[in-house]
Structure formats: C-alpha cells, structure tokens
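Enquirer: Sequence:
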Amino acid sequence: MAVGGEEVARVAGGPAGWISVLIPALLFAWFAQFLGPVAAGETPLIGIDWVPSIDIRLEILIDGLSLTFALLISGIGALVALYSSRYLGNHPEYPRFVLYFMTFMVGMLGLVLADNLISLFVFWEVTTISSYLLIGFNSDSAKSRRSALQALFVTGAGGLALLAGMILLGAAAGTYSLTEIRGMGDAIRNHDLYVPILILFLAGAFTKSAQFPFHFWLPNAMAAPTPVSAYLHSATMVKGGVYLMARMNPTLGGTEPWFWALVIAGGFTTVFASVLAIRQTDIKQVLAYTTLMALGALTLFIGAGTSDAIKAAMLFLVVHSLYKAALFLMIGIVDNQTGTREVAHLRGLARKMPITFFAGALAAISMAGIPPFVGFIGKEFLYKAGLGMDTAMLWITGTIFAASALMFVAAGIAVARPFLGRTPERFKDTTEGPMAMWLGPIILGALSFYFGIFADVPEVWLVGPATDAVYGSDVSVDLYLFREVNSAFILSLVTFGVGFILYLLHARLRDLLVAIISANPIKFDPGWDHGLDGLKALAGWQTRHLQSGILQRYVFIIFATFAVAVGATLYLQDVLNFRVDVAAEFDGLLFKHWAVLLFITAGALLTALTQSRMTAIAALGVVGIGVALIFIIFSAPDVAITQLLVETLVVVLVAVAMLKLPHLSTRTAEPNRPVHAALSITVGVLTTLVLVAVLQSDLDLSLTEYFNATSWPDAYGRNIVNVILVDFRALDTFGEIAVVVVAALSAYALLRGTRYGTIREDEAPQSGGPAVPDATVEGKP
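In terms of full-length UniProt numbering, the sequence shown has 411 at position 411, counting the first letter as 1, and numbering is strictly consecutive.
Heads up, some of the hints might be wrong.
[To be verified] Using 27 Å as the maximum straight-line C-alpha spacing, the simulated DSS-like pairs for lysine-lysine come out as follows: (1) K428 with K352; (2) K523 with K536; (3) K660 with K143; (4) K143 with K428.
Calculated directly from the structure, the hints in this document are not laboratory data.
All chains should be modelled from the sequences, with the hints used to inform the complete structure.
Expert: In structure tokens form, the structure reads like this:
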C-alpha cells in the first residue's frame with residue numbers, strides 16, 4: 001500500500017494528486033481573508049434559499065469558531081493530501097481515495113460553516129458516510145471492513161438522535177437558523193423540551209467525538225490508511241462532536257444537566273483514554289488514545305462553561321490539531337520506511353531519518369507541554385481554568401493533571417522510544433522519507449513552536465474570536481508563554497516530574513495495565529461483537545416466527561399489531577369518553593340503507609366461510625359493490641364509478657390468477673379460525689369506535705375550505721376530488737400510478753413466465769396457510 005522514496009510518475013503528472021492538494025490550499029487562502037474582519041468582530045453570512053417552503057437556507061456563517069475549524073480543516077487537509085500523494089500515490093485505487101478524501105473535507109467544512117440545523121445535519125451525515133468509506137478503504141481487509149462498519153453504526157445512531165434533537169429544537173425555537181437560535185438561550189433552557197433536546201444533542205456529539213462509553217470505535221478506526229488517521233484525529237470528524245457542543249453552548253449551556261453531563265463524561269474519558277494510551281505497543285494506537293484524551297478534555301472544559309474554561313478549550317483545540325496531525329504523519333513515515341509501528345522493534349532511527357525525527361520531536365515536545373511550545377501554553381491555561389472553578393475544581397484539575405502526566409509518557413513512547421538509542425541491524429539500510437511526506441510534519445511542528453514564541457498570533461486571529469463565539473459574548477483573551485510563578489506553573493513543573501518518572505517505568509506500567517485490563521470482565525470492543533451476535537440472533541428469531549413465508553400469518557400479524565396499537569391509543573388517550581344515542585342513529589336509517597348493509601354483511605360472511613377461492617373473490621366483489629352503492633346514496637357518483645371499476649377489475653384479474661393456483665383442500669383443518677374470527681371482530685369494533693369518535697369531535701374544516709376556495713380559481717376544476725388528485729397532489733398521484741404499473745408488470749411477468757404442473761388434492765397443504773405448489777416446473781421463468 002505504502003510506497004518508498006521513488007517518484008510516482010502517475011501522481012506527479014496526473015490530476016488526482018495535484019487536485020487534492022490545490023483545492024484545500026485555495027480554500028485555506030480564501031478563508032484566511034476573513035481573519036481580519038472576524039477578529040474585528042464581524043460575522044459574515046453568505047447563503048441562498050435551499051428549501052424555502054420549510055425555511056431552510058444553505059448559509060455559510062463565518063465567525064471565530066467556524067473560521068478556526070475551517071482553517072484547520074483546509075490547511076491540515078492540504079498537507080495531508082500532499083502526504084497522501086506519496087504515501088498512497090502508486091495504489092491502484094488512489095483516485096478513489098482522493099474522491100473519498102475530498103468528500104470528507106467538503107462534509108466537514110459544510111458542517112462547521114452551516115448556519116441552518118438541517119443543512120448542518122446533512123453535512124454531518126456526509127462526514128459519517130465518507131469516513132466509513134475512508135476507514136474501510138482497504139476493503140480486502142476484514143479488520144478494515146469491521147472497523148468501518150463499527151464507526152458507521154455508532155456515529156450513524158448518534159446522527160439519528162441528533163436529527164430528532166434538531167427537529168425538537170427547531171420546534172421549540174420556531175426556526176432552524178443557528179444565528180437566531182443563539183440569541184434564544186434563555187427561552188430554550190426554560191422550554192419544556194429542553195431536557196429531551198439536550199439528551200439527543202449530546203447523544204450525537206458523544207458518539208461523534210467518541211466520549212465514553214462510545215469511545216471504542218475511534219481506536220479501531222486506525223485500520224484506515226495513516227493519512228486518513230492523521231486527518232480524522234486532528235481536524236475533522238472526531239472534532240465534529242466537539243464543534244457541535246461548542247456551537248450549542250450559548251443555547252444549551254449554563255445549566256446543571258449540561259455542566260455535569262459534559263464534565264463527568266469528558267473528565268472520565270480524559271483519564272481513561274490516557275491510561276489506555278500507555279498500554280499500547282502500536283504507536284499509531286498510542287496516538288489514537290491520546291486523541292480520545294484530547295476530545296475528553298475539550299468536552300470537559302466546554303461543559304465547565306466559564307470564560308477561562310472556554311478560552312482554554314479553544315486554545316487546546318488549536319494545540320492538539322497541530323501536534324496530532326504532525327505525529328500521525330511522522331509515524332506514517334516510520335511505518336513506510338521500516339515496515340513496523342511496534343514500540344519493541346523501533347530504536348535509533350534518528351540517525352537514519354533525521355528530518356522525520358526533527359518533525360516528530362517538535363510535535364512531541366508540544367504534546368508533552370514543554371516550553372517554549374504552544375502546548376505548554378495550552379496546558380497552563382487548562383490548569384488555570386481548572387483551578388479557577390467554583391464547582392468540581394478538584395475533579396477538573398485532577399483529571400487534567402493525570403492526563404497531562406500520561407500525555408508526557410505518550411509523547412516519549414511515540415518519538416523518544418523509536419528514534420533514540422542504538423540503531424538495530426535490521427534498520428541499517430533505512431533511509432529518510434520523501435519530502436512530500438515530511439514537509440507537512442515540519443510545517444505543523446514549526447507552527448507549534450512559532451505559536452509558543454509569538455502567542456499573540458493565535459490569540460488575536462484564532463483563539464480570541466473562537467472564544468467569543470462559543471462563550472456567547474466578548475471575552476478578554478491574553479495568551480502568554482510565562483509571566484509569573486503561580487499555581488498553574490507549579491502544577492506544570494510537577495507534571496514534568498511525574499511524567500518523566502512514569503516514562504522511565506512505562507514498560508512495567510504497561511505490563512500491569514495489561515494484567516488489570518485482561519482481568520476486567522467488561523470489554524467494550526468484544527462487547528460490540530457480542531451485541532452484533534445478539535442482534536443477528538434476534539433477527540433470526542424474528543424471521544422464523546414473523547417472516548415464515550405464510551401469507552396468512554403475515555396478514556394476522558399486521559392486523560394484530562394494528563389492533564394493539566389502535567386499542568392502546570384509544571385507551572391511553574381516553575378517546576372512548578363519549579356518548580352515542582344509538583336509537584337516534586338508527587332512526588335515521590331508511591330501507592335502502594338496511595338493504596345495502598345486509599348486502600355487504602352477506603358478502604363479508606360468505607368470503608369468510610367459503611372453501612372456494614373463486615367464491616371468496618366474488619363475495620369480496622359483492623362487498624365492493626355494496627360500498628359503491630353507499631357512495632351513490634350519499635351523492636358521490638364519481639367515487640362510486642371508480643369503486644365499481646376497481647372491483648370489476650380485481651375480480652377479473654384475481655380470477656385469472658386463481659386459475660394458476662391449486663384447489664383448496666376440502667379436508668384442510670381450520671384450527672385457527674376462532675382466533676381469526678376474534679381478531680376480525682376486534683379490528684372491526686376498533687375501526688368503528690375510531691370513526692364514531694371522529695364524528696363526535698369538532699372537525700377542522702380549514703383544509704376543506706381551502707380546496708373549496710382554490711379549486712376553480714387556481715386549478716380550473718369544479719370537481720374538488722379530481723382537482724386534489726390531479727393538481728394539488730399530482731406528484732403523489734403519479735407515484736401511486738407508477739407503483740401500480742410496476743406491480744402489474746411484475747405480476748404479468750410472473751404469471752406468464754412460470755408455469756406449474758397440476759397438484760393432486762392429497763398434495764395440497766394441510767395447514768391453514770396458503771397452498772404452495774410443490775411440483776415440477778414445466779417451463780423456465
């Protein structure tokens with residue numbers, strides 16, 4: 001899959017590689033022009049009407065939060081695309097990879113820039129589908145397929161929950177515009193639907209950003225090619241949930257449920273993932289779990305909600321994106337040049353790959369939070385925000401301290417371990433990777449250093465505007481490398497000491513963690529497999545009992561479900577609380593009404609009792625004719641004519657079809673007939689009760705009045721029913737006609753293409769189900 005240092009002529013001379021680099025680079029340049037206006041307090045809004053009938057606009061909102069994300073997505077995307085052109089350049093499916101990659105990028109950009117809830121959801125699902133395709137890019141690998149499906153199921157389920165939450169939020173706010181919703185925080189938080197909205201939004205955000213207990217899919221996503229992992233973890237999909245929480249903070253934040261849900265889930269994920277990170281022996285997996293740590297920390301501080309907490313979260317968002325993309329790209333070069341990512345096999349690569357080592361060292365120093373890199377500033381502000389909390393101060397500060405110390409260890413495992421020490425004999429011929437692969441890590445590592453020295457640059461252009469957007473009002477942001485010895489600085493020094501000691505002991509610590517985790521009966525990833533096995537078993541049981549292939553059983557299940565649903569609804573909604581003057585109702589019936597009623601009843605009873613299919617279909621035709629007579633009595637001749645035509649055609653067509661079927665056995669037992677009769681009576685009674693309840697209530701005639709008023713002026717038709725079908729519901733009617741035509745053609749093909757032999761009476765099925773011929777096929781389908 002990966003390539004060495006040779007020039008890949010197809011990529012260098014073909015369009016796929018250069019297009020994949022040029023498009024995000026141009027997008028980065030376009031977004032960069034908004035840095036000045038956004039830093040000055042402007043929020044450009046660009047949009048067009050998409051579905052105006054339901055108030056949906058495709059709008060691009062460029063504020064501090066969306067611009068920061070857009071710059072990270074496009075900028076890191078350009079570097080990852082350049083890297084991919086060499087890492088995957090000679091892969092036979094490289095153009096397909098570029099298509100998936102660019103779709104993924106467009107989805108993420110649309111997600112962070114959308115100013116409408118519905119359009120945001122559309123792009124949210126684009127990232128879900130495209131990430132599934134990217135994670136499963138190596139489709140011949142069972143591991144890749146499993147990981148892709150797992151990511152799709154988990155994030156897709158969260159997406160469905162998010163959609164429900166968006167619909168509820170739109171109903172509560174009266175609009176789907178995020179700009180308008182942001183200013184309705186108090187109204188939304190006091191709304192009766194606030195708790196359901198919060199739960200559904202957090203379900204979407206937690207699954208997307210892999211918060212515990214939905215964390216297990218993210219490390220498995222490492223089955224994707226390394227460029228995908230770098231992009232996925234640094235700037236795109238997994239931060240989609242973080243973006244959603246940050247975007248909704250002015251609207252949904254500031255409450256006890258919001259605070260505790262995010263602080264507890266984020267804090268636990270932070271420490272839990274950091275511990276699991278140092279247990280790994282695959283460096284790519286080490287980096288994957290440190291991403292979980294970062295996502296937990298961002299969730300934790302967004303939930304904390306203070307101005308210092310939001311400021312720290314936005315700074316750490318930038319910090320993590322820079323060093324994480326660089327580290328993933330670095331380990332990809334190592335894997336590409338050595339053929340392994342295992343910690344136990346990698347030593348002394350600094351002499352063979354000095355540029356890659358330099359790039360990785362820059363990123364690792366920032367990850368470890370060592371000055372003068374911006375990672376140190378990010379850690380300082382996390383500590384400062386935690387120590388300044390009035391509520392849960394010990395929990396927030398303690399989780400960040402533990403995670404920071406373990407991140408120091410992870411940085412050592414990712415870079416110090418593979419590059420320092422004596423070079424093994426097996427790597428004596430290892431060479432440096434190509435420039436297209438190490439250029440991205442160098443740029444990102446250099447930015448981590450530059451932003452640390454010149455902290456005012458991210459302060460003015462990125463962190464400050466993003467903090468204002470998330471907090472919901474202007475916040476004073478003052479980033480600095482060092483200003484005084486305070487509690488946060490002392491905590492950082494302690495972090496370095498603890499982290500260094502843990503790094504020296506990390507091999508023993510790993511063995512201890514392996515033993516503890518092995519003894520723990522709760523394992524999420526195997527639990528996922530057990531859950532799928534249970535789902536398959538349930539589907540098998542359901543298929544055996546409900547989808548038996550017996551039409552009679554299908555009909556019974558449908559009507560039984562209908563009876564339960566309607567009966568429960570009538571009872572729970574207290575719909576049956578009405579009185580009917582039966583005598584008065586029957587006094588209004590004339591002889592013709594009684595005659596038609598008896599006519600229909602006789603046809604229904606004959607249908608139920610006969611042993612002949614032909615008699616049954618003819619009796620059903622009698623019922624249909626009786627219904628047509630009712631239409632005539634109540635002055636609906638056009639509907640009556642339609643009913644008569646339908647009944648005639650049904651009788652004729654079904655009668656023709658019956659000639660192809662075997663005769664019903666006169667000896668067929670009917671053990672279920674009393675049950676079927678009881679169900680029929682129940683359905684009939686329930687349907688009658690529903691109709692009586694409707695007639696007892698006040699009908700809303702607004703739609704009727706609308707059609708009365710508009711049928712002639714707008715559609716030039718005096719027959720309102722015809723106008724509704726042909727004009728007001730033209731597309732619906734066309735769809736129904738298409739369905740009928742397809743069904744008729746299919747039935748014709750089946751009846752004409754297959755001929756069965758005759759079946760003796762003693763070969764007919766002896767159950768109550770439909771007769772299924774078991775004879776030789778005389779003709780070919």
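Enquirer: Hints first: check each against the structure and report whether it holds.
Expert: Each hint, compared with the structure:
Taking the CA atoms of K428 and K352, the gap is about 8 Å. The hint holds against a cut of 27 Å. At roughly 20 Å between alpha-carbon atoms, K523 and K536 fall within 27 Å of each other, so this suggested pair holds. For the given pair, K660 sits about 50 Å from K143 by alpha-carbon distance, which is inconsistent with the 27 Å threshold. With a C-alpha separation of about 32 Å, the suggested pair K143 and K428 falls outside the 27 Å cut-off, and the hint is violated.
Checked against the numbered hints above, the structure violates hints 3, 4; every other hint is satisfied.
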